[in-house]
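With chain F fixed as given, assemble chains R, W, U, A and B with the ligands onto it according to the hints.
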Amino acid sequence: MSTITLQLVTIIAERVLKDQLIDEVRTLGATGYTLTDVEGEGSRGVRASEWEKRNVKLEVIVSDDVAEAITEHVSARYFEHYAVILYSHPIEVVRGSKYR
Amino acid sequence: MSTITLQLVTIIAERVLKDQLIDEVRTLGATGYTLTDVEGEGSRGVRASEWEKRNVKLEVIVSDDVAEAITEHVSARYFEHYAVILYSHPIEVVRGSKYR
Amino acid sequence: MSTITLQLVTIIAERVLKDQLIDEVRTLGATGYTLTDVEGEGSRGVRASEWEKRNVKLEVIVSDDVAEAITEHVSARYFEHYAVILYSHPIEVVRGSKYR
Amino acid sequence: MGTVDILLANLFSPIILAFVLGIFASLIRSDLRFPDELYTALSIYLLLAIGLKGGAELSETPFLTFLGPMLATLALGSLTPITSYFVLRRIGALDRINAAAIAAHYGSVSVVTFIAAQAFIDLAGVTGEGFLPALVALLEIPAIIVGLMIAQIGSREAGSWKKALHEVLAGRSIVLLLGGLAIGLVVGKSGLEPVEPFFVNGFQGALTLFLLEMGLVTARRLRDLRKVGLFLVGFGIVMPILHGILGVWVGGLAGLSLGGSAVFGTIVASASYIAAPAAVRIALPEANPTFYLTASLGITFPFNITLGIPLYFTVAQWLA
Amino acid sequence: MGTVDILLANLFSPIILAFVLGIFASLIRSDLRFPDELYTALSIYLLLAIGLKGGAELSETPFLTFLGPMLATLALGSLTPITSYFVLRRIGALDRINAAAIAAHYGSVSVVTFIAAQAFIDLAGVTGEGFLPALVALLEIPAIIVGLMIAQIGSREAGSWKKALHEVLAGRSIVLLLGGLAIGLVVGKSGLEPVEPFFVNGFQGALTLFLLEMGLVTARRLRDLRKVGLFLVGFGIVMPILHGILGVWVGGLAGLSLGGSAVFGTIVASASYIAAPAAVRIALPEANPTFYLTASLGITFPFNITLGIPLYFTVAQWLA
Amino acid sequence: MGTVDILLANLFSPIILAFVLGIFASLIRSDLRFPDELYTALSIYLLLAIGLKGGAELSETPFLTFLGPMLATLALGSLTPITSYFVLRRIGALDRINAAAIAAHYGSVSVVTFIAAQAFIDLAGVTGEGFLPALVALLEIPAIIVGLMIAQIGSREAGSWKKALHEVLAGRSIVLLLGGLAIGLVVGKSGLEPVEPFFVNGFQGALTLFLLEMGLVTARRLRDLRKVGLFLVGFGIVMPILHGILGVWVGGLAGLSLGGSAVFGTIVASASYIAAPAAVRIALPEANPTFYLTASLGITFPFNITLGIPLYFTVAQWLA
Ligand SMILES: Nc1ncnc2c1ncn2[C@@H]1O[C@H](COP(=O)(O)O)[C@@H](O)[C@H]1O
Ligand SMILES: Nc1ncnc2c1ncn2[C@@H]1O[C@H](COP(=O)(O)O)[C@@H](O)[C@H]1O
Ligand SMILES: Nc1ncnc2c1ncn2[C@@H]1O[C@H](COP(=O)(O)O)[C@@H](O)[C@H]1O
Ligand code: NA
Ligand code: NA
Ligand code: NA
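Residue numbers (our numbering), protein chains in the order written: chain F, 1 to 100; chain R, 1001 to 1100; chain W, 2001 to 2100; chain U, 3001 to 3320; chain A, 4001 to 4320; chain B, 5001 to 5320.
Same shape as in the complex, but just chain F (with noise of 0.2 Å):
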């Protein structure tokens, strides 16, 4: 089977950027995502919300170039303020010409 190899980046973030994480992801490349509801701490704590499962995990497939944008897209608009990880490792995929 000929796989090829691309980038799964992940990001999880306080929920409510959800809708704007997903518009950014697509608008710099990605053909698609994937969305669970997690919960978790980290350095930051607080956020604004009480309710609803606190966080997002996002995952995009993405080529090299499209996750060096988001990296450096996420890294830039939210570091600073808000609640947002971004981590990212090589996977294999099957027909990848789909995540063009």
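Derived from the structure by calculation, the hints contain no laboratory data. Note that the structure is a prediction, hence the values are computed from the model and not measured. Built from N, CA and C at the ideal position, the CB exists for glycine as well. Please note that a few of the clues may not be correct.
Here are the simulated lysine-lysine pairs, DSBU-like style, with alpha carbons at most 35 Å apart [stated by the list, open to error]:
1) Lys-2098/W to Lys-5227/B
2) Lys-1098/R to Lys-2018/W
3) Lys-2057/W to Lys-5189/B
4) Lys-3163/U to Lys-98/F
5) Lys-3189/U to Lys-5189/B
6) Lys-3163/U to Lys-2057/W
7) Lys-1018/R to Lys-3189/U
8) Lys-2098/W to Lys-1057/R
9) Lys-4162/A to Lys-5227/B
10) Lys-2098/W to Lys-4163/A
11) Lys-5227/B to Lys-18/F
12) Lys-1057/R to Lys-57/F
13) Lys-2057/W to Lys-5163/B
14) Lys-2018/W to Lys-4227/A
15) Lys-1018/R to Lys-18/F
16) Lys-57/F to Lys-1098/R
DEER-style ranges, computed between Cβ atoms [unchecked claim]:
17) Gly-4234/A to Arg-5220/B: 43 to 51 Å
18) Thr-27/F to Arg-3226/U: 18 to 26 Å
19) Asp-3005/U to Leu-4222/A: 33 to 41 Å
20) Arg-3029/U to Trp-5318/B: 44 to 52 Å
21) Trp-5318/B to Arg-3223/U: 38 to 46 Å
Derived list of chain R stretches under chain W, where covered just means 3 residues or more per stretch with a C-beta under 8 Å from a C-beta of chain W [to be verified]:
22) 1023–1035
23) 1069–1082
Below, chains R, W, U, A and B with the ligands alone, put in the same frame as chain F:
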């Protein structure tokens, strides 16, 4: 701590396929699985449910051979007509004999 | 964008262990954690809850040393009697200093 | 009541207005969303409640009166997918697979539309037969089988029939409707008294909440209207009218009361959007869900609960 | 009412039939499933409601009548795990750890069984003392402590006692039962009136829904029956009968009314499947959950709510 | 009723005691937790119910009586964030951004506090105007706009205004309140009858359950009290008292009844902890959520529902 390297195969699929996917990965050699309710959008869009978190993420830890077999099977059977994606990457596992 | 490599350690465990696992990974050096409700089956099967999504997935981003410590601890303490699995893989993280 | 009064009484009832509110909230992109679990909880409640009530009433009905309507149900359940299929193929020029998939939906039944019809005749001060929920369960199945059979003829690559059928037969709507009916039948009206405040008195309110959610869901479908083309929009309105009138008439012949035949016409007119999609998705993966879901949920469902039900009721009044 | 009438009245009540429907749905592999959140919501509601109602009634009961039943509860709560343990060791030849684990479950209490007993005596037209929910809370704890203590004797590797105890004491069933009781006590019967439609009138219906889910859950356990062996199946039926009769008798001695001692017998007979498993899993990880869960949830629970409760009630009638 | 009676009647009502139970459960680290979905379901229910009831009553009120209160609402909604801001800057010496963020919260409104006030005057045997829910919706918005405007003046880096505003205007509390109001208005009192058992009779009970959850949530906030400092604790009590008295007085001037002005005073006194935080988090990310959430949810909310409401009611009695 001695660990061994196995594959973590992730399948994201529309919910209607949940039960048969589980059956199939077990038949192909997975000794266990983990399921998460997720939402998402990709290139195909619509599917047969307006309710319930629309996708499931099925994760299985398997040897390289089983990973390949699952990848072949899912590609052949589901990719044409269903909203399904599959990817994999290596992980370090303790007590690897459990997954044989 | 300058990133550093850390370990993403994933623990999937029966729900009754949730609180003590969180306490323990923090004690061993994790600066944060992310929790997801999951379901699953493995080789051990039954556990002490018929309700609530039966497993939790606990993910922590940590340095290699802490990853090793967590792996040792969880293996020693839980593997014999509880339904618990653990695996890890390297990820690229922005602002790595946060996780020390 | 005159026809216009009936229509207005329906349109200005809390349940229909809640449905409209749901659509409106979705259009202004409100963050109002029902958790999946609330949707599931409400539907479990509504299905069980309708079964229980029907069963308790059935316990006081002579069983023989059930035979005619039962046969009528099986007949129409096998006929309507075929009429739908031919209209879709001949007039709509759809391909075999998609036509069969949509036909399965229009032959089958929407339980919520049934419940709305029940609520409507209640409002109109008329009662229906206690066994109507049983007819709903009976009507849900044959059309899906017929639809899948049509698709199968001449197609080699058979989908998973057994799974699709089990999906419908052991599906939660059938289990809860028939289960509730059986319980109601066994305990009778007096045995149901302790649970009446919960299952009977609370019913209309819970239904209102449920239709608010249905409005939110339907609105999402409305966005796909353009994709399905004008023919399917017309089909989604004209087909139920024809099936509905047919249903009212046959229901009357089979011995149903005024209220009973109005409700029967409604369920014949209604199109499934829960059981059928799940079965069709498994058995006919090549069929395009945008077509069958948008038609049944985006067009026929809102048409039926707003204009269709009063129409079928009026027809039933004429024929009575 | 004669014994047979009592039995039939129980078996043909909506709540028991709903339980049977749940088992049936699971056997035919229906996709009917309750979301976890609905289960949690219903159990919060039921526990609080039972507490509130008990509290309001308690506010009109002289406090001294509470003393006897309280002591009886503590005594039986410490005795029943010991009798269970010896039967399991001597007759069943189970190892120390598993015997202690199961003993903790049979000493403790199933709140749903208690609620079913309350609903049953209501149906039978009898009332129980308002403080019965308090006895349930009281009975939940000592058995778990005694069970864990038995396991500890002679075992070096101590599990986490403190966590296990906190799990029970601050567990939501105790908090909601006692909290509801306290609120009901403070506001009294008149103060409870505004919330009566919700907490009192809706109760039986919500319980019906809840037992439907219990049926689904129990059925999953039934599949493990083979794994636990014949002895444990017998134990799960005979032990509650003995404990139940003992409970009815001691309850009567302690001054409880007919209804009160029937309910008291039931809770003594019942086996925990929520609080005890969680505590035992933490404190005795070596014990096999298949044993204690299948026995308490798969055998004793269905036995008690179908046959046990009418039996204990009949015994209470004889002794009264 | 004397002031003390009023106070005790409020403190010993099931809803306030349920709130206290929630706080208590959290303090003893009970595992009692409401699933998010139950919280959402209850809040959808409460908002829609309060709207429906208000709308039905409004349908029998001459519309002109609505004008005065409407203007009063807009005036106070613009004034209270400004008074709050100056107190926070001058006396509290907070920085501009945090002061503006908190001011937006104290100008806006807490719907649960409003509902508690409605329940309170019901208990006291007094009724309020049917359009009060409309005033709540009206009051929710201007303060948030004013708060964000204050923050904007002199700050270059504008947050996302449009998103923040849409978040409030199309937020589910506004949509459900106004939507319910519209439905109630259209169907009138008689049209609401079928859904009354669900939406009216069940209301107080559902509110009790909801306040139990609010207690659990508030308790989590209480842990942050130390972090916010003594000034903010005082502010969270004194500011609502001042705003509340002002509200009662202006409400009376605008023509509201005794019950109406008590409730109006309460909503003016209340601080938002749902709509405002979401909007402020988006538009003013630099503001510290610990400050505004702890003040509005941890201090002002519990103060208002326990002591505040009886106080505003007493003031309304004096002024009447
Ligand atoms: N070390 C970590 N490991 C795993 N998840 C983390 C870690 N740190 C933070 N997170 C997640 O990221 C979210 C935001 O983190 P923070 O910005 O540090 O508050 C947290 O709520 C967690 O869900
Ligand atoms: N680029 C992507 N990144 C992450 N998840 C994706 C991506 N594309 C698709 N998915 C997930 O896979 C599901 C099916 O995708 P599709 O078949 O493209 O509709 C979607 O609903 C998403 O949950
Ligand atoms: N091979 C596997 N692949 C993915 N998840 C697994 C696998 N084996 C076990 N798990 C997960 O780990 C949990 C505990 O496994 P076990 O201890 O084998 O019962 C299961 O409930 C699954 O969620
Ligand atoms: Na039909
Ligand atoms: Na017991
Ligand atoms: Na205010």
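These are the hints, each one checked on the structure:
Simply put, Lys-2098/W and Lys-5227/B have alpha-carbon atoms about 22 Å apart, close enough for the 35 Å limit, and the pair holds. For the suggested pair Lys-1098/R and Lys-2018/W, the alpha carbons sit about 22 Å apart, so the restraint of at most 35 Å is met. For the hint linking Lys-2057/W to Lys-5189/B, the alpha-carbon distance of about 51 Å lies beyond 35 Å, and the restraint is violated. The hinted pair formed by Lys-3163/U and Lys-98/F meets the criterion: a straight-line CA distance of about 30 Å does not exceed 35 Å.
Annotation: proposed proximity of Lys-3189/U to Lys-5189/B holds, straight-line Cα distance about 30 Å (limit 35 Å). Pair hint Lys-3163/U plus Lys-2057/W holds up; C-alpha atoms about 31 Å apart against a cutoff of 35 Å. For the given pair, Lys-1018/R sits about 41 Å from Lys-3189/U by alpha-carbon distance, which is inconsistent with the 35 Å threshold. Between Lys-2098/W and Lys-1057/R the alpha-carbon distance is near 29 Å, which keeps this suggested pair within the 35 Å criterion.
Distance hint between Lys-4162/A and Lys-5227/B is fulfilled; the C-alpha atoms sit about 30 Å from each other, no more than 35 Å. This hinted pair checks out: Lys-2098/W and Lys-4163/A have alpha carbons roughly 32 Å apart, not beyond 35 Å. At most 35 Å may separate the alpha-carbon atoms for a hinted pair to count; Lys-5227/B and Lys-18/F meet this at roughly 28 Å. Under the criterion of a C-alpha separation no larger than 35 Å, the hint pairing Lys-1057/R with Lys-57/F is consistent with the structure, at around 13 Å.
Straight-line distance between C-alpha atoms of Lys-2057/W and Lys-5163/B comes to about 33 Å, which keeps the hinted pair within the 35 Å bound. Taken as a hint, the Lys-2018/W and Lys-4227/A pair is honoured in the structure, with Cα atoms around 28 Å apart against an allowance of 35 Å. For the given pair, Lys-1018/R sits about 26 Å from Lys-18/F by alpha-carbon distance, which is consistent with the 35 Å threshold. Between Lys-57/F and Lys-1098/R the alpha-carbon distance is near 29 Å, which keeps this suggested pair within the 35 Å criterion.
Roughly 48 Å separates the CB atoms of Gly-4234/A and Arg-5220/B, a value that falls within the hinted 43 to 51 Å. For the pair Thr-27/F and Arg-3226/U, the supplied restraint of 18 to 26 Å holds, since their beta-carbon distance comes to about 24 Å. Evaluation of the 33 to 41 Å hint for Asp-3005/U and Leu-4222/A yields a failure: the beta carbon distance comes to about 55 Å. Hint check: Arg-3029/U to Trp-5318/B, Cβ distance near 46 Å, so the stated range 44 to 52 Å holds.
The hint said 38 to 46 Å for the Cβ distance between Trp-5318/B and Arg-3223/U, and at roughly 56 Å that hint is violated. Coverage of the stretch 1023–1035 of chain R by chain W holds. Counting CB-CB distances below 8 Å, 5 residues qualify, and the rule asks for three or more. Residues of the stretch 1069–1082 of chain R with a Cβ under 8 Å from some Cβ of chain W number 0, which does not satisfy the need for three, so the listed coverage is violated.
In this structure, the earlier hints numbered 3, 7, 19, 21 and 23 are contradicted, and the remaining ones agree with it.
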